[in-house]
Amino acid sequence: MKKINTKKFGEIEIDEKNIITMPKGLPGFSGYNQYVILDREDIKPFCWFQSIEIPEIALIVMSPYIFKNDYKVDLDLLIKDMNWDKEDKEDLEVYVVINIKEKEKEKTITANLLSPIVVNTKKLEAVQFINANPEDRDLYYYPVK
Amino acid sequence: MLILTRKLNEKIKIGENIVLTVLDIKKNNITIGIDAPKDILILRKEVYDNTVRENLLSSRKYGNIEEFVQLWGKNNKK
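Line order of the protein sequences matches chains R and H.
Under the numbering used here, think of the first position of the first sequence as 32, with each following residue one higher.
Under the numbering used here, think of the first position of the second sequence as 191, with each following residue one higher.
If you're looking for bench data, these hints aren't it; they were derived computationally from the structure.
Because the structure is a prediction, the values reported are computed rather than measured.
We treat Cβ as the ideally placed atom computed from N, Cα and C, and that holds for glycine.
There's no promise every hint is true.
Said to hold, decoys possible - Below, simulated PhoX-like cross-link-like pairs (lysine-lysine); rule was C-alpha separation at most 20 Å, straight line: (1) H:K251 - R:K75; (2) H:K264 - R:K138; (3) H:K228 - R:K55; (4) R:K99 - H:K264; (5) R:K176 - H:K264; (6) H:K251 - R:K39; (7) H:K228 - R:K117; (8) R:K136 - H:K251; (9) H:K264 - R:K134; (10) H:K264 - R:K75; (11) H:K228 - R:K111; (12) R:K38 - H:K251; (13) R:K138 - H:K251; (14) R:K134 - H:K251; (15) H:K251 - R:K176; (16) H:K264 - R:K136; (17) R:K132 - H:K264; (18) R:K132 - H:K251.
As the list claims (entries may be wrong) - Partner residues aside, some chain R positions facing chain H, computed with beta carbon under 10 Å: (19) K38; (20) F80; (21) K138; (22) T139; (23) I140; (24) A142; (25) N143; (26) Y171; (27) V175.
Stated by the list, open to error - Across the chosen pairs, the derived CB separations fall in these ranges: (28) R:D169 - H:K217: 24 to 30 Å; (29) R:Y102 - H:I230: 24 to 30 Å; (30) H:L192 - R:N114: 31 to 37 Å; (31) H:K235 - R:Y102: 21 to 27 Å; (32) H:K197 - R:R71: 55 to 61 Å; (33) R:E47 - H:E257: 27 to 33 Å; (34) R:Q65 - H:R243: 21 to 27 Å.
Work out the full structure: start from the sequences and follow the hints.
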């Protein structure tokens, strides 16, 4: 077990076997490549994508399939890009980054569907896979309902 | 900032492995071909910036997770 600092819960213990490395980094947080996914019963269906190096880096993420079951990621291209094995496909987990947007005093949960974070749970690596040719820029703020 | 003027089909070399080619010039659009090693991330800058912005905003909100849970609950009770 390893102790890490989080801003929300202070010091917590995590299993080293759950530490995920991002070889290409996380856009906006360059230099910090090690993360852990924290899920808790009371924050479902959300999780934190928590840096194990900097307590203040913790993105709110969730599975896109909870609200959009036809969501697609080009996993074959991603596997090639990351030099992962084709057999790893079943070990890939997809998360999207969540925010709250306020429009005319109404708050909506939104998800960035154009830059999913894909975690290879076998290799313990992850990448944020940025869509290079977004057809619809509103998909950065897809309403989660 | 280094500024270079190029004509149609002329190239710019960056470092050992990157070459840009001006493929087409129209009034407000320039088409650029990029030859670069596969491990180099090439994106339209605003696409990268949008991702960074959403990441930073989300990380700034993580302390307010209760608000997300509350909004989620409200929407899913309807």
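Notebook entry, point to check: What hints, given by number in increasing order, does this structure fail?
Noted result: none
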